[in-house]
Amino acid sequence: MNRYRRFFLPLALLLPLVGLGLIWLQTERESHQGSEWDVPIAGYDPRDLLRGHYVQFRYDWPGVTENDIPTWYGSQTGLCITGKAPRIEKVEIVDRAEYDQSSAPACAATARVNPWSEEGEDGLVRDRIYVPQEAARDYETQLANPELQGIVRVRINNSGFLTPLSLRFRPRPDDIGDRDETE
Amino acid sequence: MSDRKLNKWLDAGLIDAETAQRIRQYEADRSRPVGLWSLIGLGALAIGLGIISVVAANWDDIPGMVRLTIHGLLMAGIAAAIFWLQPRKGFLGLYVKDVLLFVLAVLGATFFGHLGQVYQTSAPLWQPLATWLLLFSPLLLLGGRGWLISVLWIVGLLGTGIAHMSWYAQQTSDPPSIYIAAISSLPIYALLAAIFAKQISTRQDFWKQVGQIALASFVAGVTFKLIADGLSRGGLYGSEGQAGNIAALQLGLWSAAALLIYIVNRTTAGISMAAILVAAAVISFVSSIAQSTEPLGNAIMFMAFWAAIGWSAIYSGWRIIFQLVVAIIALRLIILSFELASDLLSSGMGLILAGMITIAIAVIAYRFSKAFAPGRAAVEPIGSGDGQ
Chain F
1 MNRYRRFFLP LALLLPLVGL GLIWLQTERE SHQGSEWDVP IAGYDPRDLL RGHYVQFRYD
61 WPGVTENDIP TWYGSQTGLC ITGKAPRIEK VEIVDRAEYD QSSAPACAAT ARVNPWSEEG
121 EDGLVRDRIY VPQEAARDYE TQLANPELQG IVRVRINNSG FLTPLSLRFR PRPDDIGDRD
181 ETE
Chain R
184 MSDRKLNKWL DAGLIDAETA QRIRQYEADR SRPVGLWSLI GLGALAIGLG IISVVAANWD
244 DIPGMVRLTI HGLLMAGIAA AIFWLQPRKG FLGLYVKDVL LFVLAVLGAT FFGHLGQVYQ
304 TSAPLWQPLA TWLLLFSPLL LLGGRGWLIS VLWIVGLLGT GIAHMSWYAQ QTSDPPSIYI
364 AAISSLPIYA LLAAIFAKQI STRQDFWKQV GQIALASFVA GVTFKLIADG LSRGGLYGSE
424 GQAGNIAALQ LGLWSAAALL IYIVNRTTAG ISMAAILVAA AVISFVSSIA QSTEPLGNAI
484 MFMAFWAAIG WSAIYSGWRI IFQLVVAIIA LRLIILSFEL ASDLLSSGMG LILAGMITIA
544 IAVIAYRFSK AFAPGRAAVE PIGSGDGQ
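Sequence order for the protein chains is F and R.
Going by the numbering used here, the first residue of the first sequence is number 1, and it counts up by one from there.
Going by the numbering used here, the first residue of the second sequence is number 184, and it counts up by one from there.
Bear in mind the hints are in silico, worked out from the structure with no lab data behind them.
Incorrect hints may have been included.
FRET-style restraints, in silico, Cβ to Cβ [claimed, not checked]:
no., chain 1, residue 1, chain 2, residue 2, range
1, R, A306, F, D138, 25 to 31 angstroms
2, F, V64, R, V279, 31 to 37 angstroms
3, R, A490, F, I23, 44 to 50 angstroms
4, R, T476, F, V64, 45 to 51 angstroms
5, R, A487, F, T65, 28 to 34 angstroms
6, F, T71, R, V238, 36 to 42 angstroms
One-sided excerpt, in silico: chain R residues whose CB lies under 10 angstroms from chain F [unchecked claim]:
no., residue
7, L251
8, I253
9, G291
10, F294
11, F295
12, W315
13, F319
Computed list of chain R residues with no C-beta within reach of chain F, every gap over 10 angstroms [as the list claims (entries may be wrong)]:
no., residue
14, L287
15, A288
16, Y302
17, G326
18, D388
19, G500
Because the structure is a prediction, the values reported are computed rather than measured.
Heads up, the beta-carbon is just placed ideally off N, CA and C, and yes, glycines get one too.
Please model the entire structure based on the sequences and the hints provided.
See the structure below:
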């Protein structure tokens, strides 16, 4: 019993504390990697924009039709983003085999399907962002307002996985072509 | 101790005045200040709830790093308290330490959600659960003493398995049979681990509980599967061919486990557990092959499995389990009578018939249970267990 107390119990007690600490450190480190981009969004179910503490939305990638966006982890395609972070100039669907090599088009960042996403493998199509509860009503009215365009700041990490960081709104341009002038 | 009962016995001449006085004296010496302790507990609970609501009300105003640091410090403090309490026996060493272990483990589980909230990251549920299991199993299994910890650990283990299975089923439309057979056998691994550990551990009661909960969850799982087999062809898995493959693999796995239990623990309880495993393996296999959605066939499979548990209960003298078995089989018979009379139910005649059968089954089950249940003397403290 004495040996148990001296040796095993401290180890068993330290294991979860050290383990969780390392996971925290790793999460902290990863949260600074990659680049940040502003992506326009659309609420994807007008009746159900706000669930509890998070907003669900669809990404409105400029110049890409939704059906072309990869929704399978094994998919060989990804989103090639050009521009200067955080401003997206153009988004193209590219072959992953291509951008893994040096002959790739000049992508500032490439996003690919994250199999661990809470949205399953639809993480490039739709996503969710957690918001403070007291701000929930504001977000709800702003999302429902047709004159406002929601913009989500996302981080694309070195693996090409997306993490939504924050949500803001700006007046919606008259048509897509005017997008850049309004900024 | 209630004086009312004592006075009743005194009046009935069952005990004399001197004995009553001695009983009163004995109980008075042994009595604990339950009222005081419950008030202290109530106060502690109120303080805890108050702290939680103060934190919750200001949740968004507290920076994430501060919150995570407080969360971590709280866990470190509880870990230190557990270390300090370890050598103690009695109330502090046994009960309070177990409660602290439980709180520490739950705080550890919520830490993952907290990290995800602060950093806006996400991962499939099985990943934090599996990490939690990895980090906390040594502590829970080395330090746990009571129900709180054994139940928590089994829930964590099965929760991880179920979360992984549902995630994996999403990833691949057609998970391999060997995977499903292996995951659905998780309670069996826990049962085997408990039987082995009980032989070498000084905390035999704890490992006995782990084994009991593992076996109970296994029996619940098989029962659920047998019910599902009757609802649609292919049962739980949806595909008839795969259901057969899975059941065949389980037949091998569970029989091997039964053999292992028989070799390691050749007591009456060990033999009873091995019998339950073999019965589950064979009956589940037959049920998956037969693919019978007929009420009668399905009910026979179900009752055969529970009859095997009933036999084990008689063999090992598990009185409460035996009574449970009789009640469940009686219930299944009653449901069967309604299933068979379903086309008669629209008429009053069918209802009368089903009602009469229900009453008859209830009476017979009661008498059967009284006549054949193992005696009270042979009863173990709590139900189905391993080892003697």
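Now for the hints, and whether the structure bears them out:
no.: 1; hint: R:A306 <-> F:D138: 25 to 31 angstroms; verdict: holds, 29 angstroms
no.: 2; hint: F:V64 <-> R:V279: 31 to 37 angstroms; verdict: violated, 59 angstroms
no.: 3; hint: R:A490 <-> F:I23: 44 to 50 angstroms; verdict: holds, 49 angstroms
no.: 4; hint: R:T476 <-> F:V64: 45 to 51 angstroms; verdict: holds, 48 angstroms
no.: 5; hint: R:A487 <-> F:T65: 28 to 34 angstroms; verdict: violated, 58 angstroms
no.: 6; hint: F:T71 <-> R:V238: 36 to 42 angstroms; verdict: holds, 39 angstroms
no.: 7; hint: L251; verdict: holds, 7 angstroms
no.: 8; hint: I253; verdict: violated, 13 angstroms
no.: 9; hint: G291; verdict: holds, 5 angstroms
no.: 10; hint: F294; verdict: holds, 5 angstroms
no.: 11; hint: F295; verdict: holds, 8 angstroms
no.: 12; hint: W315; verdict: holds, 8 angstroms
no.: 13; hint: F319; verdict: holds, 5 angstroms
no.: 14; hint: L287; verdict: violated, 8 angstroms
no.: 15; hint: A288; verdict: violated, 8 angstroms
no.: 16; hint: Y302; verdict: violated, 5 angstroms
no.: 17; hint: G326; verdict: violated, 7 angstroms
no.: 18; hint: D388; verdict: holds, 16 angstroms
no.: 19; hint: G500; verdict: holds, 33 angstroms
This entry does not satisfy hints 2, 5, 8, 14, 15, 16, 17, going by the numbered hints stated previously.
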